[in-house]
Amino acid sequence: MSGLNTSSNNSTLVVAKTVKLFIGGEFPRTESGRSFPIFVHKTKKIYGHMCLASRKDVRNAVTAAQTAQPGWQSKSAYNRGQILYRMAEMMESKRAEFVEALTETTGLNAKAANKSVDDAVQSFVYYAGFSDKYQQVMGAVNPVSGPHHNFTMTEAVGVVGLLGAEKFDLANFTAQIAAIIVSGNSVVALMSQAGSALLAPLAETFATSDLSKGVVNILTGDLNELYSHFGTHMEIQSLSLQIKDAKKVAEIKAAGAMNMKRIVGTTSHYQSLEHLISFLEYKTVWHPIGH
Amino acid sequence: MQTQSSGKKNNETGEVKTLKADFDYAPSIEATDIVTIKPKNKLFIGGKFVDSTSPKYFDSVNPATGEALAQITEANAKDVDRAVAAARKAYTTVWSKTSGQERGRYLFRIARLIQERARELAVLETLDNGKPIRESRDIDIPLVAAHFFYYAGWADKLQYAVPGARTAPKPLGVVGQIIPWNFPLLMAAWKIAPALACGNTVVIKPAETTSLSILLLAEILQEAGLPNGVVNIVTGAGQTGAALVSHQDINKIAFTGSTDVGRLIAQSVAATDKKLTLELGGKSAHIIFEDAAIDQAVEGVVQGIYFNQGHVCCAGSRLLLEESIADMFVDKLKTRMQKLRVGNPLDKNTDIGAINSSTEHSKIKQLIQTGRDEGAEFYEPENILIPNKGYFHKPCFFNKVSSAFTLSRVEVFGPVLTISTFRTTQEAISKANDTQYGLAAGIWSEKGSKIHKTAGALKAGVIWANTYNRFDPTSPFGGFNESGYGREGGRHGLLPYMEF
Amino acid sequence: MRTITIQKDNGTPILISAVSIDEVGANERADFFTKRSVKKDSKLAALYLALSMCDLTTLEGSDTPGRVQQMCAKAKYPVPPDVIAPFLAKRNLPPIPSVAAVCVYPSMVPTAVAALKGTNIQIASVATAFPSGQAPLEIKIEDTRFAVEQGATEIDMVINRGAFLSGRYQDVFDEIVEIKRACGDAHLKVILETGELGSLDRVRLASDLAIEAGADFIKTSTGKVTPAATLPVTLVMLQAIADHHRRTGVKIGMKPAGGIRTSKQAIQYLCMVKETLGAEWLTPDMFRFGASALVNDLMKQIYKELTGRYYYDKAFAID
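Protein chains in written order, with numbering that gives the first Met the number 0: chain P, 0 to 290; chain X, 0 to 499; chain F, 0 to 318.
If we strip away everything but chain P, and leave its shape as in the complex, we get (with noise of 0.2 Å):
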């Protein structure tokens, strides 16, 4: 993605390109028709014009999400284990892009930038490696009295809303998206408006890896405007709550209840096991045991 740059080409005319969102797979402008520009860093000169998504886009990807779900969660665990891996190949191999836009927009140096990439990579390769491990980490044959057999086994809890943290972290969105994603769910994330301008590597990252469309959706536009309809929507199972404003935080979670939302906050280790587990269901199955 090259923004409004003047290129290393001989023409000062570059063709710019749109960064649109990123529902079902497909590249659409926001259903609003509205845009807000987005600088490069600490000037005024604008880098690119990101999609204002409004709440029918918020609806239209969940839409997506929930036509997606069940069809990558009956994917094998190897199977999506392969596709996330493939992701940290596309992630790789568009690292000038990540990095440019990250330089550019976010103000990291290209160490500071190349560090966040080699983070979102490895985020991948760390849950591509869970993918076919947590259910026997957190599944479990119980020793009940009599003669049944009962296991417990791990399930995706269906669609998941990310709302991005305030301040953009690359690797950290990307993990978070991961680790949603490695179990079997399907996401609709927002990003920080300050981290717009990745999206349109990270789209084409997850558009470009074999992943089924509408398993990951991203939005770009305004957390004032759109956090609560991530809380009020009722197709919604569970919310990823980076962002750090208390009293939006409060706001969603009370909204929430109305489903019974499994919202999960924050964390530090954004490479583990217990924020995987965050998005999973236990179900148990009894069964008798007698011939």
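Hint data in this document are derived by calculation from the structure and do not stem from the laboratory.
Nothing here was measured: the structure is a model prediction, and the numbers come from that model.
Be a bit skeptical, because a hint or two may be false.
[Unchecked claim] To be clear about the criterion: a stretch of chain X counts as covered by chain P if any three or more of its residues have a C-beta under 8 Å from a C-beta of chain P, and this derived list gives those stretches: (1) 459 to 472; (2) 478 to 490.
[Said to hold, decoys possible] One side of the interface only, derived from the structure: several residues of chain P facing chain X at Cβ under 7 Å: (3) S53; (4) V140; (5) P142; (6) P146; (7) M259.
[What the hints assert, rightly or not] No more than 20 Å apart at the CA atoms, straight line, and that leaves these computed lysine-lysine pairs for PhoX-like: (8) F:K303 with F:K313; (9) X:K338 with F:K34; (10) X:K364 with X:K388; (11) X:K364 with P:K74; (12) X:K333 with X:K274; (13) X:K388 with X:K399; (14) F:K38 with X:K338; (15) X:K449 with P:K74; (16) P:K243 with X:K274.
For each residue, glycine too, the CB sits at the ideal point set by N, CA and C.
For this one, chain P is given, so just place chains X and F on it according to the hints.
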């Protein structure tokens, strides 16, 4: 073949009492003299039975007679505050410094004392709750003891609860717990045992209609020498619960009860850091495939909905029958229902006891009226007679119920079943999942692969395949969606009570 | 679902679907009946009833006419009427009933007929090369005819387990049909020998097969094989009877045999019958205990109810 009926032969004297060939079960009433009920009951705070700061009482009623058993203190906000303070003090000064091994020792002791006083607890539970003595004696109380035994052993092994966790698990602090009236003491055990094993202290509020058994448990805790303030009991109704939920010095709330109240609790702790687990309502589907072991399935359906008068959050209240067997199954179900014995809960032969309160009784009757108005086919066994005193209700069902009917969607929490049919596994699954709840489900089929396919596709936390309504301390229990979150029982039941 | 096709001797096919039984569920349900509390008058009624349902049996190589006569005496009067009369009078109770039947080898049938003359006690005989069933069909038929001619009113036959277990259901069926024909007016009890069947699924299938073939009663065991009658096996057989009744309106009788020694056990069976089939089956016409030792225990318990004392074995005749 000729009949040889008793009493006829060799009977030359004429006038003798005849013994009916169809012997009926004479009343076999469990004696209640083992139980002493105090007329006025206090709160249990800081290891002692204490009066409220401004004593106010309400009656606990025996639902089988409608008569008051005892007066119970209604704890006010100040009392709750005292209880939380006692729990905090016990947490800071004693319990957080007590080793896992020691905590386990206390829990083992409690478990043993429960076993020793099992009969007393069972009788008291039946008197106060209305459940049949056979169930309190054979199910509730043994499970209570088993639950304490199970978690006792975890107390010094918590580092193994989450394999490879990056930090040693830590307790949360003071836990506020609110429990329902359907399994009063069992729910207390489900709440208290894991909380204590993990090193938390507890303030617990029983349901207002069933406070007596947990107050007897308090005596057992004293006898076990449990340090003062580790468990505090505040009796009362909604206001007492609200005071507990909103108390600032509580680290976690664990609630079992209705989804409506659960929602209010979730809203009221939204602006706090309090952790929350909720075990709420259900409208669980019970699927019978045509290849099921039919007679056992009929029994499973009866156990599923009529156990404990249907006052069971995971009751199999929506029966889904494969169309090819539906008529036959319903016929068999009717025959079986006619044999259910409804009546005095203290009678050892009673299968269905008393509805817990007049409130619940009216609610059930009202919902049945709704069902009739919506046009489902109603059935209740005519041969069953119910006592004219107390709150009793016949087992019943509605046949040919549409998914859109009120009774298909609303939790009745009583002995009321709905029946509808399906034609394919896929249809069974989608009908079963057509609910905002997700607590439990039942599947009956003799085909293993179908069971696994269906179990995998059902959105419910507990799946009973070829059985129903079984409970075990080692088995995690809890729901999906609006049936709440968190698990109770098993290793998973520890997770909500610790930081790791 | 597995279906078995049998041909009647007129060539009409009968389809029998193999009904699945969940063993754990059946065991649990059976165990439920051990929790019923039968006390006071109900208990006394149950004890009388159980006594009236007993088939007193002697099936030993060492059987002699003397032994059979002795048993018949006991069948008529489980205790000497004069001895117990004062106790009964005090409670205004009817006399102690005689048992339902005696069960003997064919050669002993005439002895039993003579001994039981003038009573309603049935004379059952185990024809059909009891207990192994290992004889040609012609011999079994002859055995049956002989017993009936001698005066047996009930025939207890045992199914051909070898044929059943190897899936030759038609052979099992045909044999029952033939024996039934040889029975004439005598009632046929078909013994499944459930202890050799290996699963409740097979108990159910054997029950259905026997009922379809014309059994008047189905019976668990010969008494020569362990395990003999159990509550779960009996439950499954009762359910087969219930299903047959539901389909056809025809009532088949049930006889658990072997292993029922105590009154407590007997009452559990009665509770099971009452709650599975209903009161219509609580008569000696429809339900029997193949249990000789049970008679004395029933008497002991009746004495206990009458006198408040726990009685000793010495009070009753051994056989």
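Verification of the hints:
With a threshold of 8 Å between beta carbons, the proposed coverage of the segment 459 to 472 of chain X by chain P holds, since 10 of its residues qualify and at least three are required. Here the segment 478 to 490 of chain X counts 9 residues with a CB under 8 Å from a CB of chain P, which clears the bar of 3, and the coverage holds. The restraint placing S53 of chain P at the interface with chain X is violated, with a minimum CB-CB distance near 25 Å, outside the 7 Å limit. Among the interface hints, the one on V140 of chain P is violated; its C-beta lies about 10 Å from the nearest C-beta in chain X, farther than the 7 Å criterion.
The closest approach between the C-beta of P142 of chain P and any C-beta of chain X is roughly 5 Å, which is under the 7 Å cut-off, so the hint is satisfied. Given the 7 Å rule on beta carbons, the hint for P146 of chain P is violated: about 10 Å separates it from the nearest Cβ of chain X. At about 5 Å, the closest approach between the beta carbon of M259 of chain P and any beta carbon in chain X falls short of 7 Å, and the interface hint on this residue holds. For a cut-off of 20 Å, the pair hint linking K303 of chain F to K313 of chain F stands: about 14 Å separates their Cα positions.
Using a Cα cut-off of 20 Å, the hinted pair K338 of chain X and K34 of chain F holds, with the two alpha carbons roughly 15 Å apart. A C-alpha spacing of about 16 Å is found between K364 of chain X and K388 of chain X, which places the hinted pair at or below 20 Å, so the restraint holds. With a CA separation close to 47 Å, the supplied pair K364 of chain X and K74 of chain P exceeds the 20 Å bound. For a cut-off of 20 Å, the pair hint linking K333 of chain X to K274 of chain X is broken: about 46 Å separates their Cα positions.
Of the pairs offered as hints, the one joining K388 of chain X and K399 of chain X is violated, with about 33 Å between alpha carbons and a cut-off of 20 Å exceeded. At roughly 19 Å between alpha-carbon atoms, K38 of chain F and K338 of chain X fall within 20 Å of each other, so this suggested pair holds. In summary, the hint linking K449 of chain X to K74 of chain P is supported, as the alpha carbons are separated by about 19 Å, within the 20 Å threshold. Straight-line distance between C-alpha atoms of K243 of chain P and K274 of chain X comes to about 17 Å, which keeps the hinted pair within the 20 Å bound.
Hint check: violations occur at hints 3, 4, 6, 11, 12, 13; the rest are consistent with the structure.
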